[in-house]
Amino acid sequence: MARVSLPTRFTPTSLPRSLALLAIFALFFACRPPTGRSFDDLQYPDPVSDVRTVQVGSVEVGYTDSGQGEQTLVLIHGLGSYLPVWKNNIPALAKDYRVIAIDLPGYGKSAKSNDFAYSMEFFAMVVQGVIEQLELGRPVLVGHSMGGQIAITHALRYPGRARALVLTSPAGLETFEDGEAKWLADAVDDDFTCKASPEAIHVRHAGNFYRMPTDARFMAEDRVSVIGGPEFPEYCRAVSRSVRAMLDEPVYDQLPEIEVPTLVLFGKADALIPNPFLHGGGTERLARRTVKRIPNAELVMLRKAGHIAQFEQFDAWNEAVLSFLGKLPEPEAVPEQAPPAEPPSAEVAEPPAPEAGSPSELDAPSDGGDSSEDPPADPDEDGEPTEAADERGASADADEGADAAAVPSERGVARSAGGAVP
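Going by our numbering, the letters in the sequence shown line up with residues 1400 to 1821, in that order.
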């Protein structure tokens, strides 16, 4: 589908065409009206329909438990999202592994409260609490977007407690000037989420994909259905506080301190990371730079995939992750460490400064994919990431992330947050 751009200046001839395009777009994204449902009433699809709960201090955490195996994977979703975002990955992973997918506090079927800190440190402590309550040993942490930043924060706070990291489109890798961070945090306030129209929600959701698969639509419909529900104000607060936390607690400078094998995956068409308006440079450039700073890391770039790459190109993502997991060394015993305190409900101290490290880089051959879709190589960086492509059919519900249809200021804010658009 060709990219459709609305004229930036309306003229007598352009106005009818623009109105027609807007009408078509509104019809195209017609959605169910808000019903004010409770998050607890959301019907999660298979294979994540059986949601259980575990108590971590004062926080009730929703989770699903699939598969069996000596090794456990803990799946952590991103900003504004919930555990069904992994529905296309769990069946493949659960064939050989036990898979725990969680709803973070403030999201999905987990507890929501204005008393929660919603910091990266808070989320990392909750993840560790789930690991201990469910006796998961040393799991592999699999994080998407903000969930990737949380996984990194966990690895830094609890060294040796995770066996490996799988980071898909991880946030926290960019640093912002004080003025930039303040503007972004102020822009993504409670109203940014609470007052979004159903149409805006669908547009934002489509922007997470290269071409949105038809089976991804339910996530936006769920999001619309909870507008006005009993926990909706707390959800909006969770989103805005999470954005502030991602900005306040970047992890890029501490990447050399990661002690476990790490797989980093990005969609080559990720329109959210890095911020294209403030930083630019392209997703692959940021991904390469990230992998170079992690001592034992691999990079996989997924073609024809946007920000939610694990959903859009799930076959390629599943294959890459299973290959990485199959190469991990035999698991070791969990190191002795005192259990975490009650998850904090207030701001936490900043993490310690990083030490110098000498990270390695991946040097793997390309699969020889269509070079017209690939970003140019960076002349100042050697080494090539592994590429993976999934040629399965995908519905063109959104053309290259529906960038043309989104309001520029809103897209800028959403992209700047470095995570899935709430």
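None of these hints come from the bench; they were simulated from the model. Given the structure is predicted, the values throughout are model-derived calculations rather than measurements. It is possible that some hints are incorrect.
Each computed BS3-like pair below joins lysine-lysine, with the alpha-carbon atoms no more than 30 Å apart [unchecked claim]: (1) K1581 x K1726; (2) K1691 x K1726; (3) K1581 x K1594.
Checked hints:
1. K1581 x K1726: Status violated; Cα separation ~42 Å.
2. K1691 x K1726: holds, 20 Å
3. K1581 x K1594: Holds, because 21 Å separates the two Cα atoms, which is no more than 30 Å.
Against the hints set out earlier in the document, a violation occurs for number 1 only.
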